[in-house]
Amino acid sequence: MAALNLNRIRRRLKGRVQEVFVQRERRIFIRVAEEDLRETVKTLIRLDGFNHLATITGVDIGPAIELIYHIIYKDAVVSLKVQVPKESPVLPTITDLIPGAVFYEREIQDLLGVKFEGNSSSSLFILPDGWPDGVHPLRKEWTLGRISKKVRRLW
Amino acid sequence: MVQRELMAILEVFFFPGFLFLFSLAFFIEWFDRKLVAKFQNRYGPLYVGPKGILQPIADFLKLLSKEDITPAMADKVPFALIPLLMLTFSMTPLFCIPITGSSALISFEGDLIVVMFIMTLTALLSFLGAWVSTNRFSTIGGVRTGLQMFGYEVPLNIVMIGPAIGAGSLSISGIVEWQSRGVWFIMTQILGFAVFSLCLLAHLQRVPFDIPEAETEIVAGWLVEFSGKKLALIRLAKNFELVLAASLMVSLYLGGPTGTLLPNPLTFLIKLVFCTFILSNLRALFARYRIDQFLAAAWKYLIPLALLQISLVEVSLW
Amino acid sequence: MVKAIDIPFGPQHPALEEPINFTFEVEEERVVDVKIRLGYIHRGIEKLAENRTYHQNVYLVERICGICSFAHTTCYTQAVEELLGVDIPERAKYIRTIFCEMERIQNHYLWLGFTAKAMGFETLFMYTWRDREAMLEVLEMISGKRVNYGMNTIGGVRRDITGKMVERMEERLNYLEERANYYKKVCTKERSILKRTVGVGMLEPSDALNLCAVGPTLRASGIPQDVRADEPYAAYGEIPFRVVTYDGCDVASRILVRIDEIIESVKMIRRALDGMPQGPIRVKVPKNVPKGEAVSLVEAPRGEDLHYLRSDGSDRPARLKVRAPTLANLPSLRKMLKGVNIADIPIVIAGIDPCLACMERVILVDTKSKKGQAWSGEELWRYANEWYRES
Chain A
1 MAALNLNRIR RRLKGRVQEV FVQRERRIFI RVAEEDLRET VKTLIRLDGF NHLATITGVD
61 IGPAIELIYH IIYKDAVVSL KVQVPKESPV LPTITDLIPG AVFYEREIQD LLGVKFEGNS
121 SSSLFILPDG WPDGVHPLRK EWTLGRISKK VRRLW
Chain B
1001 MVQRELMAIL EVFFFPGFLF LFSLAFFIEW FDRKLVAKFQ NRYGPLYVGP KGILQPIADF
1061 LKLLSKEDIT PAMADKVPFA LIPLLMLTFS MTPLFCIPIT GSSALISFEG DLIVVMFIMT
1121 LTALLSFLGA WVSTNRFSTI GGVRTGLQMF GYEVPLNIVM IGPAIGAGSL SISGIVEWQS
1181 RGVWFIMTQI LGFAVFSLCL LAHLQRVPFD IPEAETEIVA GWLVEFSGKK LALIRLAKNF
1241 ELVLAASLMV SLYLGGPTGT LLPNPLTFLI KLVFCTFILS NLRALFARYR IDQFLAAAWK
1301 YLIPLALLQI SLVEVSLW
Chain C
2001 MVKAIDIPFG PQHPALEEPI NFTFEVEEER VVDVKIRLGY IHRGIEKLAE NRTYHQNVYL
2061 VERICGICSF AHTTCYTQAV EELLGVDIPE RAKYIRTIFC EMERIQNHYL WLGFTAKAMG
2121 FETLFMYTWR DREAMLEVLE MISGKRVNYG MNTIGGVRRD ITGKMVERME ERLNYLEERA
2181 NYYKKVCTKE RSILKRTVGV GMLEPSDALN LCAVGPTLRA SGIPQDVRAD EPYAAYGEIP
2241 FRVVTYDGCD VASRILVRID EIIESVKMIR RALDGMPQGP IRVKVPKNVP KGEAVSLVEA
2301 PRGEDLHYLR SDGSDRPARL KVRAPTLANL PSLRKMLKGV NIADIPIVIA GIDPCLACME
2361 RVILVDTKSK KGQAWSGEEL WRYANEWYRE S
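In order, the protein sequences belong to chains A, B and C. Following this note's numbering, the numbering of the first sequence begins with 1 at its first residue and continues without gaps. Following this note's numbering, the numbering of the second sequence begins with 1001 at its first residue and continues without gaps. Following this note's numbering, the numbering of the third sequence begins with 2001 at its first residue and continues without gaps.
If you are wondering where the hints come from, they were derived from the structure by calculation, not from laboratory data. Treat the hints with care, as some may be off.
Stated by the list, open to error - When the alpha-carbon atoms are kept at most 30 Å apart in a straight line, the in silico DSS-like pairs for lysine-lysine are as follows:
1) C:K2335 with C:K2184
2) C:K2035 with C:K2185
3) C:K2195 with C:K2291
4) B:K1300 with C:K2267
5) C:K2335 with A:K42
6) C:K2338 with A:K86
7) C:K2338 with C:K2195
8) B:K1034 with C:K2185
9) A:K115 with C:K2291
10) A:K74 with C:K2267
11) C:K2291 with A:K140
12) A:K81 with A:K42
13) B:K1062 with B:K1076
14) A:K81 with A:K115
15) C:K2184 with A:K140
16) A:K42 with C:K2338
17) A:K115 with C:K2335
18) A:K81 with C:K2287
Based on the provided sequences and hints, a complete structural model is requested.
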């Protein structure tokens, strides 16, 4: 089942994917470049059995931030990976394709500092009011100790 | 001479005057709470006094001792006056209710109209209370109180006239007097009694018609800014309204304090408890209606039924 | 004509058991616009998880939510077990399934009472919470605790279900099933409930899909999506069950979906108890987890729960991402709330079974609010003092 889906994904996405692999039954991971994100999502949501976008995970992997879009199908979970450089973390929004993604993008914006073009706002969303600028708690350089020092000074 | 005046003072202050009415209000609150608790498979008041019978008094005293806050934006004088007025307005009509015999403390031809008028005033007061406290929740609650009044006021007053027409008297004592001859109006005007109970529930703002103070929707509606002593007085006033509602049911439809072999006040009490039972029972049975649903129901069903009842009474007299 | 006014709803409000703030723009009694502000119970669990070992995290994850704690631990342990390549014993799988379903039953009873309270039906609220005790008793008997059972561990479960327990469970299950059937009757027949629920809080199937709704909220819009059926975890592959759907798209359907799920869960537990194999309930697992990543899905009582786990080969996770069902249902909630009556707000909110503690490892605000309308603690304090001055 998963294999069928995989072949179809390969065929549809043509040259765009950097890497596709099946981790186990029902788990497919795809890696694409930043600029191909929207096109890929557009293709993926048109595939048979598309159900919904479960969430977007952001992971700090050192020089870059990796975003993983978990897309649920009837017979598989496709995790679409994109990397953005840490210095200029900007990605196009996908809320026009999947309206339900709006809150997931906001979550990432605050916790990891990735901006989504078309779905951004200057105000804080995830963190309390008065939270210092540029402190994105899920980035690895912000250890628990550093965060609490910064926050304690605030209050 | 002196003895008669002394008796009058005793009547006003002790029985069936203030003291009796206060204890009655607290007792009825306890009874209502305990009963609803039983329906809902709970215990209800338990600790203060035997079976928690003194709990309402304890609650009242507790509220009296609590911090009393007046919002800075509120209209101070009316805000302070409204609880007092509510208490007065809900207690005054009780003096028109015959308790010891077929004649009440205050009784004159037309006191039924006065009671109706004062009942409307209490509803208006809660609207005013909402308005002067300038809170968003209370504003909505106040608007709802007003809307609800448009729904229940008309059928309520129409059916209250039913017994008056039947007895040919506009005084509550006169209606009781007429019924003491043997026929209670509940037997001839059962439809009116049903409409009357429903309208009273709406008047008392109790489930399923607790729309103006719906706790889960608008916190406490028009009551939201009242606290401490003011809240205590309003709650006491609400108890009096409950007593008034039940005793109107007793007087207009169940023959007042007469009609059994027991002493008059005891008969009255038993009937009162029965009527409270009906009101509490209805409270435990339903979910809350929406204001638009209530208004639609009131104009579609309650008013035609009330009019039907009045026409039936007229026809039967003819 | 009343001018449109803003009505704050929360963070403290009798209809909400947890802090969240909705600001409703209201014209007369209709809601025109909704702004959502969350973040009153943000605890930073995802960050904390990166600083704890895999075993410690089981307990941390359990405390994401008090009600669906077992779903979260199941999801988490599944992810760790997948990374470790461990296959847990059959009996442990069955016990997990039984606990998942018991948790669903107690959650749905709790929810039913909560919804009844939201529509002002106190008697139903009292009754359902009384009946919920029956389930909590069983949970306590097996695990020692009423909520946050501490049952799951990496590699299996920590306590076994003995023969004597099974007897008592069956007795309780009969009672719960009987009550659920009764409540179904109440919720389909009682006029005042129908008046408040039918046609209220509509969510069309197409909207539900677009806005990524999950769980009972989605199933009440007629879409049969259920992780238990689509991707059988634990022992769900071996237990036949029906995915409950209703197509009313309103609060009434959401009630019926949940009541039917209670009945279905009772049946599933019976089947699981019958088919439960003998054997060990846990296996020993190594402390360090090999490098890799895993996506784990579980159908929590409120809907699909997703955990994403990435390991860098040490004894602590490199990243643990938790997506609780309520967050997924929030966009749909916003959609449902537009156009409803003020009186229907609580019941529509209750309709998605919000569990804010679950969701609020993160904080959010509506996209439309241009300016920050929330206040800092200090501002709030000052405002409160100015507003409430004793005269």
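Check each numbered hint against the structure and report the violated ones by number, ascending.
Hints 2, 3, 4, 6 and 15 are the ones this structure does not satisfy, whereas the remaining hints hold.
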